[in-house]
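Undergrad: Sequence:
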Amino acid sequence: MNKTELIDKIAAGSGLSKADSKKALDACVGALKAALVAGDKVQLVGFGTFSVNKRPAREGINPATKQKIKIAAKKVAKFKAGSELTNAIQ
Numbered sequence: 000m001n002k003t004e005l006i007d008k009i010a011a012g013s014g015l016s017k018a019d020s021k022k023a024l025d026a027c028v029g030a031l032k033a034a035l036v037a038g039d040k041v042q043l044v045g046f047g048t049f050s051v052n053k054r055p056a057r058e059g060i061n062p063a064t065k066q067k068i069k070i071a072a073k074k075v076a077k078f079k080a081g082s083e084l085t086n087a088i089q
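Letter by letter, the sequence shown follows residues 0 to 89 of numbering that gives the first Met the number 0.
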């Protein structure tokens, strides 16, 4: 499912117009992004939890040259599915 299809599903399920559904989705994604950038955790009960994890710097190997390279530390977004979502998928 892509963004356009998701907007169509939101519009059909909520009775909103597609334009209003797009605004709602964009506002939701923007709020999630802002919270994660601020280092907050976003927990949606029954759906899951979005959080930020820190990956430490590490050493890797370039597969083409077999030389060791340094991989910088970085932050990554993480999603952990809630129990209701996990049970619905099974």
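Don't take every hint at face value.
What the hints assert, rightly or not - With a straight-line Cα cutoff of 25 Å, these simulated DSS-like cross-link-like pairs (lysine-lysine) come out:
| # | residue 1 | residue 2 |
| --- | --- | --- |
| 1 | 32 | 74 |
| 2 | 2 | 53 |
| 3 | 53 | 40 |
As the list claims (entries may be wrong) - Restraint ranges, calculated between C-beta atoms of paired labels, are given here:
| # | residue 1 | residue 2 | range |
| --- | --- | --- | --- |
| 4 | 14 | 70 | 46 to 54 Å |
| 5 | 37 | 15 | 26 to 34 Å |
| 6 | 83 | 39 | 20 to 28 Å |
| 7 | 14 | 52 | 19 to 27 Å |
What the hints contain is simulated information worked out from the structure, not anything from laboratory work.
Beta carbons are placed, not taken as given, at the ideal position from N, Cα and C, and that holds for glycine.
Undergrad: Now tell me if each hint is right for this structure.
TA: Now the hints, each set against the structure:
no.: 1; hint: 32 - 74; verdict: holds, 13 Å
no.: 2; hint: 2 - 53; verdict: violated, 28 Å
no.: 3; hint: 53 - 40; verdict: holds, 13 Å
no.: 4; hint: 14 - 70: 46 to 54 Å; verdict: holds, 48 Å
no.: 5; hint: 37 - 15: 26 to 34 Å; verdict: holds, 28 Å
no.: 6; hint: 83 - 39: 20 to 28 Å; verdict: holds, 22 Å
no.: 7; hint: 14 - 52: 19 to 27 Å; verdict: violated, 38 Å
This entry does not satisfy hints 2, 7, going by the numbered hints stated previously.
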